[in-house]
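A.B. asks: Since chain A is already given, all that's left is putting chain B on it; use the hints.
The lines below spell out each chain.
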Amino acid sequence: MKVRYFAWMKRTVGLAEEQVEPPADVRTIADLVAWLRARSAGHAEALAEGAAFGAAIDHRTAPFDAPLAGAQEVAFFPPFTGG
Amino acid sequence: MTVRVQEEDFDVGAELERLTQANKRIGGLTVFVGLVREMHMREGLHRDRIDALTLEHYPGMTEKALEEIEAEAHQRWPLEATLIVHRYGRLAAGDRIVLVAAGSPHREAAFEACAFLVDWLKTKAPFWKLEDTAAGEKWVGAHEGDAEAAARWEGKAKA
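Here the protein sequences come in this chain order: A and B.
Okay, so the first sequence: first residue is 1 according to our numbering, each after it adds one.
Okay, so the second sequence: first residue is 1001 according to our numbering, each after it adds one.
With the rest of the complex left out, here is chain A:
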């Protein structure tokens, strides 16, 4: 699946997007967050426990317990500040 990062998370991770193949036991967004943290110091910092960020699955905001089954694109981002 493709994982995308926005705003300050993109700077902290050091990537706008990446292709990942998480193992089968990564079933939810929360699982994916924990798994991604191990990829680099930047990932660990951006996705740290207690950091204020949200997620979307295939362009739709999703809670952290949302299942990843069939997901093509998962995005992580800070709270929205448009308008």
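Calculated directly from the structure, the hints in this document are not laboratory data.
Don't take every hint at face value.
Said to hold, decoys possible - In silico lysine-lysine, PhoX-like type, Cα no more than 25 Å apart, as pairs:
#1 B:K1138 to B:K1124
#2 B:K1124 to A:K2
#3 B:K1064 to A:K10
#4 A:K10 to B:K1024
#5 B:K1124 to B:K1064
#6 B:K1064 to A:K2
#7 B:K1124 to A:K10
To be verified - Derived CB-CB ranges, DEER-like:
#8 A:A41 to B:A1147: 39 to 49 Å
#9 A:P23 to B:R1004: 18 to 28 Å
#10 B:G1141 to A:P63: 42 to 52 Å
#11 A:E18 to B:R1096: 29 to 39 Å
#12 B:G1094 to A:R37: 40 to 50 Å
#13 A:Q19 to B:G1094: 19 to 29 Å
Idealized CB from N, CA, C, for every residue including glycine.
C.D. replies: Same frame as chain A, now just chain B:
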């Protein structure tokens, strides 16, 4: 119902003209225009003026989110027309950021729907502001008042 996400500026008069000419049942049209305001930020001993910002968004999700917010407004109020135009990219103080318009046969629905669209857009559409200051770049934090403003419409959700 129209949603546009674009880098270029928009002409408020021309946009409203197009909206009302296309539908003569509109009796009241309310409009919100969001602008980049000049701000002063104090951090420690430094005091910076913010002259510009860059708006980032999530192409694909942004349009979908705005269309859902617009559809929700049409579910809640008897609207004849709505329009959301949101810019992205680098914007200077005084530049227009967003145009929201709601047209209805009567003014109450138009006023309420316009406020609803702006409140939900701020908290549910994937945009992020990066401020340019003399000291460098700074990502804008979410404003607590925005979440409260968006939440006041949650209780009024349709049954």
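A.B. asks: Provide an ascending list of the numbers of those earlier hints which the structure does not satisfy.
C.D. replies: Failing hints, ascending: 4, 8, 9, 10 and 13.
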